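> As they're listed, the protein sequences go chains A and B. Our numbering applies: residue 1 is where the first sequence begins, and numbers increase by one. Our numbering applies: residue 203 is where the second sequence begins, and numbers increase by one.
Calculated from the structure, these hints are not laboratory results. All values reported here derive from a predicted model rather than from experimental measurement. A portion of the hints provided could be inaccurate.
[Stated by the list, open to error] Residues of chain B clear of chain A, computed beta-carbon distances all greater than 10 angstroms:
| hint | residue |
| --- | --- |
| 1 | 256 |
| 2 | 355 |
| 3 | 381 |
| 4 | 421 |
| 5 | 439 |
[Stated by the list, open to error] Cβ pair distances, simulated, as ranges:
| hint | chain 1 | residue 1 | chain 2 | residue 2 | range |
| --- | --- | --- | --- | --- | --- |
| 6 | B | 403 | A | 21 | 44 to 54 angstroms |
| 7 | A | 53 | B | 455 | 51 to 61 angstroms |
| 8 | B | 208 | A | 126 | 45 to 55 angstroms |
| 9 | B | 399 | A | 144 | 40 to 50 angstroms |
| 10 | B | 256 | A | 80 | 49 to 59 angstroms |
| 11 | B | 278 | A | 197 | 43 to 53 angstroms |
All residues carry an ideal CB built from backbone N, CA and C; glycine is no exception.
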Amino acid sequence: MARRALIVGTGVADRIAAGLSGWEIERTPGAESLDLVVWADYPAAACAPCRLTDLSLAEWDEACDRPLRTVIDLACEAYEALAANSGTFVVLVPLMASAGGAEYTALASLGEGIRLLAKSLAKTWGADGITAHSITLDPHAFLAAQDAADIAADNALHDPPLGRVPDDTDDIAPIIEWLASGNAAPLVGSSLVVDGGLWMPG
Amino acid sequence: MTRLLTDKVAIVTGAGQGVGEGIARALADAGAAVVIAARRAENGKPAAAVLRERGHEASFVRCDVTLETDVEAAIEHTIDTHGRLDIVVHNAVSPPGPPGPVQAVDPNVITAQIATSTTASYLFARAAHPHLAANRGTLILLTSPAGMEGSGNLPVYATVKGAQRGLLKSLAREWGPDSIRVNAIAPVAWTPAMTTATQANPTLQARLEARTPLGRIGDPETDIGPVAVFLASDMARHMTGQTMAVDGGRYLGL
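Model the full structure from these sequences, guided by the hints.
Following this line, the structure appears as structure tokens:
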């Protein structure tokens, strides 16, 4: 029987879904059992450069607070379905959440918040057989090409040692599959940085 | 304490009690005029009165940090009353509710935690920016070790405290050219919530202290406050985008 994944979001989420061959893919919550949940539903308002002082309260809410609430609610809603299959909860996080990014305050707040949510879920859901992780991706996964290049320059990121940044479908999706497999069982609450070596923190 | 903040003006949110009040006292002792911003006048007014009794310049402004109008009025009060604004310390946060997994958290607690943490940080940053830019000022956010290592018992609290760290790092990059520094403090200290928790669980204090290399829980005024003074002063003029864990060594691996 095919394993079932809930993939939330567009853009990078679509590309991840395309890489999960052989999986039964759900795009909206509601399934009674799930082996995997992947959240990457960053609103367009968060992924366009804008100084904080130019954001209205409504824009801040749309770019940060509302999606932050949505992913918390998703975790609550998905708990029973993940517990039914000892599933895995994965959030995809832009590099700016951990490294900072001028003109991306809302995106960084949202991303770092859900990274800590994943770690927190892992601490209690482990007893129910559920694992939770975050994967930090390079800016290209979330931003328009020129905006991503600007952030790479502003943050003085390395040129990727392998000569390319990871492909969401061919490189990231298999890592998510591995996280959802029994082979990754000892890995709990991890924050993986899969950016092709752009950042190399720590 | 050395008067590192003479002629500076600070506003501290959630300063009617706990860590906020301790930081307000330390900033005032260091020479700053301090605005006590608090939602409850019954806490905020006495906190400001204590500072004045100690010979400091201080005032109280009632402020619900989740309301745009209150935040803008608090900044306006600061300028009207004290003439300038150099230091913003956003400490206020709503109670995290009882410990438990995310699926057991009261939805109203989630709403309030987001509003007092990310929304309020955004509101204070936006409203204070012109004044901080004019004075090469500083913004200090109070986060938590939970915002770095996560928390199984307080997952929403850990989420919003993590979100504040994402904000501060990006804002540090964004406001660097304006010569505004943005940093955070992650304390473990005596707060009303900590006092309530230790009273409810008689063994909690001993367990926490046993896990802390320095062997005690921090005092808001004498342990946490001086770090806020340092971050607000020119001593830290080349520091931005950082989170200082002030926890007696409790979380060495962060």
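> Each hint: holds or not?
Okay, the hints, checked on the actual structure:
{"no.": "1", "hint": "256", "in the structure": "35 angstroms, holds"}
{"no.": "2", "hint": "355", "in the structure": "8 angstroms, violated"}
{"no.": "3", "hint": "381", "in the structure": "14 angstroms, holds"}
{"no.": "4", "hint": "421", "in the structure": "27 angstroms, holds"}
{"no.": "5", "hint": "439", "in the structure": "19 angstroms, holds"}
{"no.": "6", "hint": "403/B to 21/A: 44 to 54 angstroms", "in the structure": "51 angstroms, holds"}
{"no.": "7", "hint": "53/A to 455/B: 51 to 61 angstroms", "in the structure": "36 angstroms, violated"}
{"no.": "8", "hint": "208/B to 126/A: 45 to 55 angstroms", "in the structure": "52 angstroms, holds"}
{"no.": "9", "hint": "399/B to 144/A: 40 to 50 angstroms", "in the structure": "47 angstroms, holds"}
{"no.": "10", "hint": "256/B to 80/A: 49 to 59 angstroms", "in the structure": "55 angstroms, holds"}
{"no.": "11", "hint": "278/B to 197/A: 43 to 53 angstroms", "in the structure": "48 angstroms, holds"}
Hints 2 and 7, counting from the list given before, are not met by this structure.
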